[in-house]
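So the sequence lines, in the order shown, correspond to chains S and P. Residue numbers for the first sequence follow numbering that gives the first Met the number 0, so the first one is 0 and each next one is one higher. Residue numbers for the second sequence follow numbering that gives the first Met the number 0, so the first one is 0 and each next one is one higher.
Simulated from the structure, these hints should not be mistaken for lab results. Here the structure is a predicted model, which means the values were calculated and not measured. Incorrect hints may have been included.
Stated by the list, open to error - Below, a list of computed lysine-lysine pairs in the DSS-like style, where the Cα atoms sit at most 27 Å apart:
id : chain 1 : residue 1 : chain 2 : residue 2
1  : P       : K84       : S       : K146
2  : S       : K171      : S       : K106
3  : P       : K84       : S       : K156
4  : P       : K215      : P       : K225
5  : P       : K308      : P       : K229
6  : P       : K229      : P       : K215
Read off the chains here:
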Amino acid sequence: MRSKKIWAAILTAVMSVSVLAGCGGSGESSSQTSEPAAVEETEMIGADVEATTELTDNTINVGYGTAIDSLTPFRSATARNAPYLDILYERLAVRDSNNEYQPYAAKSWETTDNGYTYDLEIWDNISDSQGNAITAADIVWFIQEAKNRGLITNFSKVESVEQTGDYTLQIKFSDNRVGVFETLMEDTFVVSQAAFEASADEFATSCVSTSPYVCTEFVPSASLTFERRDDYWQDIANMPECVRPIQKTVNYQIITEASQMGIALETGTIDVAIDIAASTGAQFVDQTDAYTVNLQDGAQGWQVFFSGAENSILAENEALRQAICYAIDADGLVQGLCSGYGTPMWDVCAPRLIGFLDKWKDEDYYTYDVEKAQQLIEESGYNGETLTLLSSSSATASTLGQLIQNYLDAVGIKVELNAVDMALYTATRLDGTQYDMVLGTVGGTYLSDVWSLRFDPAAYEAGDATSRNDQELADLLYSTWTNEGYTDENIDEVHTYIKDSAYGYGLVNPQVFTIWRNDLGMVKAVTGGINNYVMPSACQFTRE
Amino acid sequence: MIRYIIKRLLWMIPIILGVTVIVFLLMTFCPGDPAQIILGSTATQADLEAMRVELGLNQSRLVRLATYMNDVFLHFDLGSSWITKVDIASTIADRMPRTLILAVVTLLIAYGLGIPLGIVAATHQNKWQDHISMILALIGVAIPNFWLALLLIIVFSVNLGWLPAMGVGTGIAGLKYYILPGLSNCAGALANCARQTRSSMLDVIRADYITTARSKGVPERSVIYKHGLKNALIPIITQMGTTFGRLLGGAMIIETIFSLPGMGEFIIDAVNNRDYPVVQGGTIVLAIAFSIAMLIIDLLYAAVDPRIKAQYSAAGKKRKKVKANG
Numbered sequence: 000m001r002s003k004k005i006w007a008a009i010l011t012a013v014m015s016v017s018v019l020a021g022c023g024g025s026g027e028s029s030s031q032t033s034e035p036a037a038v039e040e041t042e043m044i045g046a047d048v049e050a051t052t053e054l055t056d057n058t059i060n061v062g063y064g065t066a067i068d069s070l071t072p073f074r075s076a077t078a079r080n081a082p083y084l085d086i087l088y089e090r091l092a093v094r095d096s097n098n099e100y101q102p103y104a105a106k107s108w109e110t111t112d113n114g115y116t117y118d119l120e121i122w123d124n125i126s127d128s129q130g131n132a133i134t135a136a137d138i139v140w141f142i143q144e145a146k147n148r149g150l151i152t153n154f155s156k157v158e159s160v161e162q163t164g165d166y167t168l169q170i171k172f173s174d175n176r177v178g179v180f181e182t183l184m185e186d187t188f189v190v191s192q193a194a195f196e197a198s199a200d201e202f203a204t205s206c207v208s209t210s211p212y213v214c215t216e217f218v219p220s221a222s223l224t225f226e227r228r229d230d231y232w233q234d235i236a237n238m239p240e241c242v243r244p245i246q247k248t249v250n251y252q253i254i255t256e257a258s259q260m261g262i263a264l265e266t267g268t269i270d271v272a273i274d275i276a277a278s279t280g281a282q283f284v285d286q287t288d289a290y291t292v293n294l295q296d297g298a299q300g301w302q303v304f305f306s307g308a309e310n311s312i313l314a315e316n317e318a319l320r321q322a323i324c325y326a327i328d329a330d331g332l333v334q335g336l337c338s339g340y341g342t343p344m345w346d347v348c349a350p351r352l353i354g355f356l357d358k359w360k361d362e363d364y365y366t367y368d369v370e371k372a373q374q375l376i377e378e379s380g381y382n383g384e385t386l387t388l389l390s391s392s393s394a395t396a397s398t399l400g401q402l403i404q405n406y407l408d409a410v411g412i413k414v415e416l417n418a419v420d421m422a423l424y425t426a427t428r429l430d431g432t433q434y435d436m437v438l439g440t441v442g443g444t445y446l447s448d449v450w451s452l453r454f455d456p457a458a459y460e461a462g463d464a465t466s467r468n469d470q471e472l473a474d475l476l477y478s479t480w481t482n483e484g485y486t487d488e489n490i491d492e493v494h495t496y497i498k499d500s501a502y503g504y505g506l507v508n509p510q511v512f513t514i515w516r517n518d519l520g521m522v523k524a525v526t527g528g529i530n531n532y533v534m535p536s537a538c539q540f541t542r543e
Numbered sequence: 000m001i002r003y004i005i006k007r008l009l010w011m012i013p014i015i016l017g018v019t020v021i022v023f024l025l026m027t028f029c030p031g032d033p034a035q036i037i038l039g040s041t042a043t044q045a046d047l048e049a050m051r052v053e054l055g056l057n058q059s060r061l062v063r064l065a066t067y068m069n070d071v072f073l074h075f076d077l078g079s080s081w082i083t084k085v086d087i088a089s090t091i092a093d094r095m096p097r098t099l100i101l102a103v104v105t106l107l108i109a110y111g112l113g114i115p116l117g118i119v120a121a122t123h124q125n126k127w128q129d130h131i132s133m134i135l136a137l138i139g140v141a142i143p144n145f146w147l148a149l150l151l152i153i154v155f156s157v158n159l160g161w162l163p164a165m166g167v168g169t170g171i172a173g174l175k176y177y178i179l180p181g182l183s184n185c186a187g188a189l190a191n192c193a194r195q196t197r198s199s200m201l202d203v204i205r206a207d208y209i210t211t212a213r214s215k216g217v218p219e220r221s222v223i224y225k226h227g228l229k230n231a232l233i234p235i236i237t238q239m240g241t242t243f244g245r246l247l248g249g250a251m252i253i254e255t256i257f258s259l260p261g262m263g264e265f266i267i268d269a270v271n272n273r274d275y276p277v278v279q280g281g282t283i284v285l286a287i288a289f290s291i292a293m294l295i296i297d298l299l300y301a302a303v304d305p306r307i308k309a310q311y312s313a314a315g316k317k318r319k320k321v322k323a324n325g
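With the rest of the complex left out, here is chain S:
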């Protein structure tokens, strides 16, 4: 009996020591809980250094956390943001760090009827790595194919697309909605129709592109290697800075486990980690001798939307919706969800979206106020009913759901968290009868796109994305759809209406961590693309 007790004590000690050893990590990480909320964006290194056209023989190893399963150019909206895509395929135009569209494979474009019709010219010397010359016919084919496949909504707004010359084409849209043409250029990859049709798997495992790089090795979900082409068609000086092929070789390592990304950076397996989780990224913030941490505001943010379906008690109860907004501490979410590396939001859309007005940052956007929340709950006639909060079962969404559940519990609102897998979430999130609140992370290019996706009552069968039918909001929304209507005044009206009616509430916008080793000798970190990620192939650094 006595020996069993001794063994039990030894075992307990061993387990305790090992648990402590495993959880300790570096001292730097533990200090992060006391970081103030809303850490500011960091200035990009070398912002004042001139863009270079000098190509190097450098190799750069990049860690990225999202699995790459296929190289196909026909991908859904959710799979179009990865940083490697900009060197895998060329787009007609690419967004720079100032959110402005720069011509890439397109040479120029113009509209003669205020956005309904666009005439577009592409460069006349584009060729892919197999030597196929690209003409306007290839672009027309891609747009038609993308439209037929229905993977990205913008293509469905194309009424017709015609080749008007060897290197010119005309695109007609069903309406002149703001930004549709620009985002279509961003989503149109330049691919030879002949090469694509000759591929057995639609370029899923091996692609041919006009990009300055060739993908020489692709191990799905593991790695992707790019080598700069010697026969690239474009003069580097004509290229947007964020896609210039400064490095000779770019290796992407797919590391989906956050702490492994940190270890890869520490051991030098990778030079740059893009979009590393805040819990791991925070460990590097104070190690300024060895690493540079760049923080940028995210492009999407997290939001909660309230059901507009008749069976939900929130549908017609504005006071209760507002009470919920006041009961949630956005600064607390910044701490709890992203270790202090994030910002509260000022709209359901993130500030990176084109059209966002800076003055909203000075407004009161449901600042955490428990007393006001309780007063509104009383006004609302809430009787203790349990509200359902739908979220996906991803780690971030589940954590956010639990934090909200706790905040609402503190003011007496009962919440049942329904965290389901992504497939079920996708199937139910547009049906307001299935929940009272739904968590989302919504992104896009223009404010009107994102607002329309959520609040246009004509967008889905049962109304807007939460089954609501508010024609007043719809009219305000439609006024922002055209180029001439996309004014600060109209945009502000929509923002104010959504805010006051509390149909949705912007919760928290996690910052994007990009970290690189200082032994890289970074001279200029170049960003761009849809999410404004650091573009490793275009950066200037001194290490050979």
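Once you have looked at the hints, place chain P on chain S.
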């Protein structure tokens, strides 16, 4: 014996067919619309309908099942992924070897260490060697593999720099990428093996034939390893088979931590995306691999125990005799 192998191989046919039908039906009853997942929330109703038609989701389950079985079993075509468009057979051909190597490395470490540990524990019952072995076994069962993985990475990759912390390699040199995943994955199997070996050996070393061997002056080493271990191996081999089966499909966490693209990650992602052809194709291949592993286990029984081999042979002869006598 050959007859027995052929019979077992033939039995695999209904098993695989059964697995296919069950997985197919389970997937189709899962909530979630593959068309919506592929096209995203911005898709129009018309796009969704068109996608459902393209994927064949507008047809009845029976028609889809019949079409699928026809493609797979008559044309040996597993199809391509709905989400990524990659050919499923070639993807499995890339990923399956990684999962198999990981499973084999894990088994080698687990049973290479577990069996000696169990033998030491059994032959030194209630002594300190027994206690140490069983404490190690207990720790092995209790340690979560993801935690052990991170600990091993910190020691062997970060601090010592001996082994890679992630990735895949090719050829013999590529085997080093499987050592840390194998070590992380083997703790539970090693512990179970040690406990099973101890238990089996304790049963065997008390048997009369072991006492007889000792009384005849057979050296103790021979008694333990030649007479004892050989007879204690049957339950250990059985356990090895089930462990191998579990390793084939259940290494998702280890694959994620070590960025090792294998079958676990492949199938789990497909389940989350309702990528029916991938889930079905992956499961069929795993079922075949598991059936073959079980056949090998049965043949190992015969190799270590002549009585079982005699049974296999006797069954064949008996049938021949019955046939000859009419």
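Hint check:
Annotation: proposed proximity of P:K84 to S:K146 holds, straight-line Cα distance about 18 Å (limit 27 Å). A hinted pair counts as satisfied when its Cα atoms are at most 27 Å apart, and S:K171 with S:K106 qualifies at roughly 18 Å. The straight-line distance between the Cα atoms of P:K84 and S:K156 is roughly 25 Å, inside the 27 Å bound, and the hint therefore holds. For the given pair, P:K215 sits about 14 Å from P:K225 by alpha-carbon distance, which is consistent with the 27 Å threshold.
The hinted pair formed by P:K308 and P:K229 meets the criterion: a straight-line CA distance of about 14 Å does not exceed 27 Å. With a C-alpha separation of about 19 Å, the suggested pair P:K229 and P:K215 falls inside the 27 Å cut-off, and the hint holds.
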